[in-house]
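Participant: Those sequence lines, one after another, are chains D and S.
Take the first sequence: its position 193, counting from 1, is numbered 201 in our numbering, and each next residue is one higher.
Take the second sequence: its position 118, counting from 1, is numbered 187 in our numbering, and each next residue is one higher.
Just so you know, these hints were derived from the structure itself, not from any lab.
Quick caveat, the model's predicted, so the values are computed rather than measured.
By construction, the Cβ of each residue, glycine as well, lies at the ideal position given by its N, Cα and C atoms.
Some clues are possibly wrong.
The following label-pair restraints were derived from C-beta to C-beta distances [to be verified]:
#1 S/Ala-242 with D/Ala-210: 17 to 23 Å
#2 D/Leu-314 with S/Thr-142: 53 to 59 Å
#3 S/Asn-81 with D/Leu-44: 53 to 59 Å
#4 D/Val-53 with S/Asn-200: 39 to 45 Å
#5 S/Asn-81 with D/Ile-52: 56 to 62 Å
#6 D/Leu-131 with S/Lys-207: 51 to 57 Å
#7 S/Lys-207 with D/Pro-179: 32 to 38 Å
#8 D/Pro-110 with S/Val-146: 23 to 29 Å
#9 D/Asp-206 with S/Thr-142: 45 to 51 Å
#10 D/Ile-56 with S/Arg-124: 52 to 58 Å
#11 D/Val-53 with S/Ser-214: 54 to 60 Å
#12 D/Leu-131 with S/Arg-180: 35 to 41 Å
Partner residues are not named here, just some residues of chain S that face chain D (Cβ under 10 Å, in silico) [stated by the list, open to error]:
#13 Arg-73
#14 Leu-132
#15 Val-148
#16 Arg-151
#17 Val-152
#18 Arg-158
#19 Lys-164
Listing some non-contacts, in silico: residues in chain S with all C-beta distances to chain D over 12 Å [said to hold, decoys possible]:
#20 Asn-116
#21 Glu-136
#22 Tyr-139
#23 Asp-144
#24 Pro-174
#25 Arg-175
#26 Leu-177
#27 Leu-185
#28 Leu-235
#29 Ser-249
#30 Ile-277
#31 Val-297
#32 Arg-302
#33 Gly-318
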Amino acid sequence: MQSPRPSGLKSLGSTTGRFRRWWNHGDLPFRAAIALAGILVLVIVLAIGRELWAHSILPREKFGLAFLTTSTWDPVRQQFGALPFIIGTIETSVLALIMAIPAGIGVAIFLAELAPDWLRAPLGTLIELLAAVPSVVFGLWGLFVFIPDVVKPLGNTLHSAFSFVPLFDGPVYGPSRLAASMILAIMILPTITAVTRDVFLALPRTQSEAAFALGATRWEMIARVLVPQSLSGILGAVILGLGRALGETIAVTMVIGNNPDLSASLLHPGYTMASLIANEFSEATNETYVQALIEIGLVLFVITLLLNMIARLLVWRVARRFTGGTA
Amino acid sequence: MQVRGLNFYYGNVRAITDVNLDVPEHRIVAIIGPSGCGKSTLLRTLNRMSDFVRRSRMDGEVLLDGENIYGTTVDVVDVRRRVGMVFQRPNPFPKSIYENVAFGPRMLGIRNRGDLDGIVERSLRGAALWNEVCDKLKESGLALSGGQQQRLCIARAIAMEPEVILMDEPASALDPVATSKIEDLMRELRESYSIVIVTHNMQQAMRISDDTAFMNVNSQRSGHIVEVGPTKRIFTDPQQKETEDYITGRFG
Ligand SMILES: Nc1ncnc2c1ncn2[C@@H]1O[C@H](COP(=O)(O)OP(=O)(O)O)[C@@H](O)[C@H]1O
Ligand SMILES: [Mg+2]
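Pulled out of the complex, with its shape left as it was, chain S reads as follows:
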């Protein structure tokens, strides 16, 4: 997935300016930066959830397998099936664990019980949740702990077999133990998916990501990418003074 020359406007306010970003396959790209710099805005343009914002406008391209997802012939629904999303607060449906995971496949028209069972088990295993819930699939997803709910949301996303998974501060509402489980899980998911994760936690970006993009607001208070590169280099040898100030905590 590649982002090319992306600008996004809320009304007349340009929230992000000229963003270019590559998300290679089987890699984790972390987006860090101070709050309000447009990280969530950028992430939501990658699966066109930004379409729902009234009076918003964007220009530039987001290429998925070489095709612009904003192209006129592209089906939004198809884009969202190929680019999954996990939100900041776990948002399982008030349905059973099983039905949460089967939600997407059912929309694809899969009705056969055996097929669904297989998808549900595979997805829950993929989200490292199977062992904890395999004997209570019929219970409500809301009865799980916060960390389990977030992994259920990840299972729900990977049940669609997306190419890319977007995560917006997926662990910020969780305790440290649940957070470290999510981080372990992300390292495993990297084998099968490309991942873009927004995080305000620099240690987390350091621990899990291959590449890191540092965003900040420019003089017009619009978000842009200051520097992007392999995570190790960004944190040990930042090329920009701004990046160095941010990661060493001398920011602002």
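Bound-form chain D, shown alone:
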């Protein structure tokens, strides 16, 4: 629409004026900067993938898909099968999530809705501090305190109560998949809790008021409004936790026992992809061995990307369902 300009604004019509206005207003440069950052992230991810792919050519050509489905890892005979490590990574991460999600949501509900005022800030800070503890400290603590005091007794109890379930087959070791999962759960708990609490605190007051005005109890408000409306945010928190669990190296290496065991028992030692790379990279002496470890890295990279994409898809679908289809 053209409207006659007041004469005082004429200069804005000139080319330099228009450029300055465009530049100061900042819409286009801002969008360009954002796009550039987005492209940069994509380029970095692709570059990493390409490097991993290019440097794992030897084992890929030699073993093909068998690399993913066989379980012999024998550097001396140049046999490389990654199955136990893939299973170990997924198993410990999923188990950690199963333990950390309900606990994290519970603590977040407490922090956001139930805790008395004087407790919120100190407890929140404590949890954020826990997220900043270096993983090697978790590993040491796990090895010398948590395993003997908690994991071992728990393992014995589980074994004697459910020895007929393959998951709890004996003998009961200290360092085990259970130990790794529990340490991972403790490590990702602060992340999940802190993010979920922030998501809960972002619920508009008008929404909780609407529920209360209809006669909702606090629990009904939490269960029917707060949690459902926060689902996409909670999923985001879970993705962050999962990312940390999948890639966590040193703490897991210290407590999992590092044994490529294919038994189903959680009480037995296991091995993860990240631990394997950390343990063996410095000893890998020939090219196929090094490249097999890089291929492990590639698999970990792809699994992380896939799980992230699945989770994001979930977030997107949930968000669309809850925040109003067309609007």
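Based on these hints, arrange chain S with the ligands on the given structure of chain D.
Facilitator: Same frame as chain D, now just chain S with the ligands:
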């Protein structure tokens, strides 16, 4: 519903002073007055939404069917089920139209699909929204226009079959057409419910209410009711100079 000797304090500040007000059945009571005089504060004491304000305190009584809703044996949740509320800004849940209306009944434990369908249809008809949404009940409540959203919130409130409905400037965020629809609806709701409406719009109070209470701040800047009576009398023959000044726009 009767309010007796109600005082409400935010911390040490007395926001409303010695309010007495009767809300007879099947009547619309409008509360008017300059902004900041405590209209919303008063309204929120009527269904105990005021309980959520930290460091607040009240004394006095609010009687619902003769029983003080602040009595020690009274269940707050039950009070809020019997006294519904519609807010200034429409606040539907980000759920489907159907689920918005079914929210309250579901909390009461009604699960049977047929029963819920019946309640949803009755409530949407009651809120004069059924004809506009009957073929898109599964769509999000947020996809509706502002006026439709506000009527959805009214449907959500009447699905609980309350005795009283409180409305805090329910049309102030709406355009004139949507506003007049809400006003028509209120006249219909009057058949089944008692209504208390806060409004800053005197024409609106005149058009829809049976009784009008005029609130103002006193010399200590605390809100109180200056005058209450049948709407016609308040606007044609106010007994207090303050009321006359306000309704004739010679205020302040
Ligand atoms: N949560 C609160 N804490 C402290 N003071 C408040 C709070 N809510 C309202 N007030 C004060 O109480 C007075 C009445 O407010 P309100 O009831 O919202 O008036 P109205 O609805 O008539 O505009 C105002 O002075 C306001 O500043
Ligand atoms: Mg108000």
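Participant: Look at each hint and say if it fits the structure.
Facilitator: Structure-based check of each hint:
The beta-carbon spacing between S/Ala-242 and D/Ala-210, approximately 22 Å, falls within the hinted interval of 17 to 23 Å. Distance hint check for D/Leu-314 and S/Thr-142: the Cβ-Cβ separation is about 58 Å, which falls inside the suggested range of 53 to 59 Å. Here the CB-CB span from S/Asn-81 to D/Leu-44 is close to 55 Å, well matched to the stated 53 to 59 Å. Take D/Val-53 and S/Asn-200: their Cβ atoms lie about 52 Å apart, and the range 39 to 45 Å is violated.
Here the CB-CB span from S/Asn-81 to D/Ile-52 is close to 58 Å, well matched to the stated 56 to 62 Å. At roughly 41 Å, the beta carbons of D/Leu-131 and S/Lys-207 sit outside the given window of 51 to 57 Å. Remark: the range hint 32 to 38 Å for S/Lys-207 to D/Pro-179 is contradicted by a beta-carbon distance near 56 Å. For the pair D/Pro-110 and S/Val-146, the beta carbons lie near 26 Å from each other, so the given range of 23 to 29 Å is met.
D/Asp-206 and S/Thr-142 have their C-beta atoms about 39 Å apart, which leaves the hinted 45 to 51 Å range violated. Take D/Ile-56 and S/Arg-124: their Cβ atoms lie about 54 Å apart, and the range 52 to 58 Å holds. Distance hint for D/Val-53 and S/Ser-214: a CB-CB separation of about 43 Å, inconsistent with the stated range 54 to 60 Å. One distance hint, 35 to 41 Å for the beta-carbon pair D/Leu-131 and S/Arg-180, holds here, with the actual separation near 37 Å.
Here the hint on S/Arg-73 is broken, as its CB sits about 23 Å from the closest CB of chain D, past 10 Å. The interface hint given for S/Leu-132 is violated, since its Cβ lies 19 Å from the closest Cβ of chain D, which is over the 10 Å cut-off. About 8 Å separates the beta-carbon of S/Val-148 from the nearest beta-carbon of chain D, less than 10 Å, and the hint is met. Given the 10 Å rule on beta carbons, the hint for S/Arg-151 holds: about 8 Å separates it from the nearest Cβ of chain D.
Interface restraint check: S/Val-152 against chain D, minimum CB-CB distance 9 Å, threshold 10 Å, status holds. Taken as an interface hint, S/Arg-158 checks out: its beta carbon lies about 6 Å from the nearest beta carbon of chain D, inside 10 Å. Among the interface hints, the one on S/Lys-164 holds; its C-beta lies about 7 Å from the nearest C-beta in chain D, closer than the 10 Å criterion. For S/Asn-116, the condition that its CB be more than 12 Å from all CB atoms of chain D is violated, with the nearest at approximately 7 Å.
No beta-carbon of chain D is positioned within 12 Å of the beta-carbon of S/Glu-136; the least distance is around 16 Å. Interface exclusion of S/Tyr-139 from chain D stands, the closest Cβ pair being 16 Å apart, more than 12 Å. Non-interface call for S/Asp-144 relative to chain D: violated, since the shortest CB-CB distance, roughly 9 Å, does not exceed 12 Å. A beta-carbon of chain D is positioned within 12 Å of the beta-carbon of S/Pro-174; the least distance is around 10 Å.
Not every Cβ of chain D is farther than 12 Å from the Cβ of S/Arg-175; the closest lies at roughly 8 Å, contradicting the non-interface assignment. The claim that S/Leu-177 lies off the interface is violated: its Cβ sits roughly 8 Å from the closest Cβ of chain D, which falls inside the 12 Å cut-off. Even its closest Cβ contact with chain D, about 15 Å, leaves S/Leu-185 beyond 12 Å, as expected for a residue assigned away from the interface. Not every CB of chain D is more than 12 Å from the CB of S/Leu-235 (nearest about 9 Å), against its label as outside the interface.
No beta-carbon of chain D is positioned within 12 Å of the beta-carbon of S/Ser-249; the least distance is around 24 Å. With a cut of 12 Å on Cβ distances, S/Ile-277 stays outside the contact zone with chain D, its closest approach being about 21 Å. No beta-carbon of chain D comes within 12 Å of the beta-carbon of S/Val-297; the shortest separation is about 25 Å. Once the 12 Å rule is applied to beta carbons, S/Arg-302 is consistent with being away from chain D; the minimum gap is 32 Å.
Listed as a non-interface residue, S/Gly-318 keeps its Cβ farther than 12 Å from every Cβ of chain D; the least gap is roughly 32 Å.
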